Amino acid sequence: MVASFNTRKYYIFGAVGILLLLPLYYFWNPEGGAFPACPFERLTGLFCTGCGSQRALHDLLHGDIAGSFGHNLLFPPAILLLVGHFGNRILYVKGKSLWKSPLDGRYAPAILLGVVLVFTVLRNIPGQPFSFLAP
Amino acid sequence: MSDQLEPQKPSNYLALAIICTVCCCLPAGIVSIVYAARVNETFARGEYELAEKYSSNAKTWGIVGLVVGGIGVIIYLALFGFGFFAALMENGGQF
Numbered sequence: 001m002v003a004s005f006n007t008r009k010y011y012i013f014g015a016v017g018i019l020l021l022l023p024l025y026y027f028w029n030p031e032g033g034a035f036p037a038c039p040f041e042r043l044t045g046l047f048c049t050g051c052g053s054q055r056a057l058h059d060l061l062h063g064d065i066a067g068s069f070g071h072n073l074l075f076p077p078a079i080l081l082l083v084g085h086f087g088n089r090i091l092y093v094k095g096k097s098l099w100k101s102p103l104d105g106r107y108a109p110a111i112l113l114g115v116v117l118v119f120t121v122l123r124n125i126p127g128q129p130f131s132f133l134a135p
Numbered sequence: 001m002s003d004q005l006e007p008q009k010p011s012n013y014l015a016l017a018i019i020c021t022v023c024c025c026l027p028a029g030i031v032s033i034v035y036a037a038r039v040n041e042t043f044a045r046g047e048y049e050l051a052e053k054y055s056s057n058a059k060t061w062g063i064v065g066l067v068v069g070g071i072g073v074i075i076y077l078a079l080f081g082f083g084f085f086a087a088l089m090e091n092g093g094q095f
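So the sequences go chain by chain: A and B.
Taking full-length UniProt numbering, the leading residue of the first sequence gets 1, the next gets one more, and so forth.
Taking full-length UniProt numbering, the leading residue of the second sequence gets 1, the next gets one more, and so forth.
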């Protein structure tokens, strides 16, 4: 599916925004504790789905793939899905996309919903082996 | 919308829902994924108008999540930002 010109404008805005943020996450380590904890975690004491994403991004930018998975198991796969999706929408040769988007599958939303819900519940269970999933 | 002609499948905004779920710690991302799944289901069943409706719901929830998350971060930084910057100064500006 080739994106319309109008949609591509938003993609370019998004790409510029992300490029501006990447140096920040490269040089700044969210692990330091100077940054306040997420309000949701502070109020409820629970880890939400995206918890650990900032640390995972910092790890990923430094090539620490194991560390990235350790802070949020779903973060590296989510990045791959988004790169696959937006690559499909932006990169095309002679009006044809170079590859299919993994998000266009018939059951992609349903599978994703299941994975996200299971992951979010499991990472909040204290003790082994679930502490691996905690941020 | 005619019954004989299959219209183009409306976007399910799944990428937006993923970005929302990763960044914003908000249930809005989950709601958006649920609507994305409904878009695919209803479109596959041929209920095109319903699919369009769910598509716009998915978009709305995705955008609501991003906006509320963004505003939430700003309010939160305004409340706790002083402590954050004080800690930065103590470290001599080192992150």
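These are computed hints drawn from the structure, not numbers from a lab.
Fair warning: this is a prediction, and the values are worked out from it, not measured in the lab.
Please note that a few of the clues may not be correct.
[As the list claims (entries may be wrong)] Here are the simulated lysine-lysine pairs, DSS-like style, with alpha carbons at most 27 Å apart:
| # | chain 1 | residue 1 | chain 2 | residue 2 |
| --- | --- | --- | --- | --- |
| 1 | A | K100 | A | K9 |
| 2 | A | K100 | B | K53 |
| 3 | A | K96 | B | K9 |
| 4 | A | K94 | B | K53 |
Outcome of the hint check:
no.: 1; hint: K100/A with K9/A; in the structure: 21 Å, holds
no.: 2; hint: K100/A with K53/B; in the structure: 25 Å, holds
no.: 3; hint: K96/A with K9/B; in the structure: 18 Å, holds
no.: 4; hint: K94/A with K53/B; in the structure: 33 Å, violated
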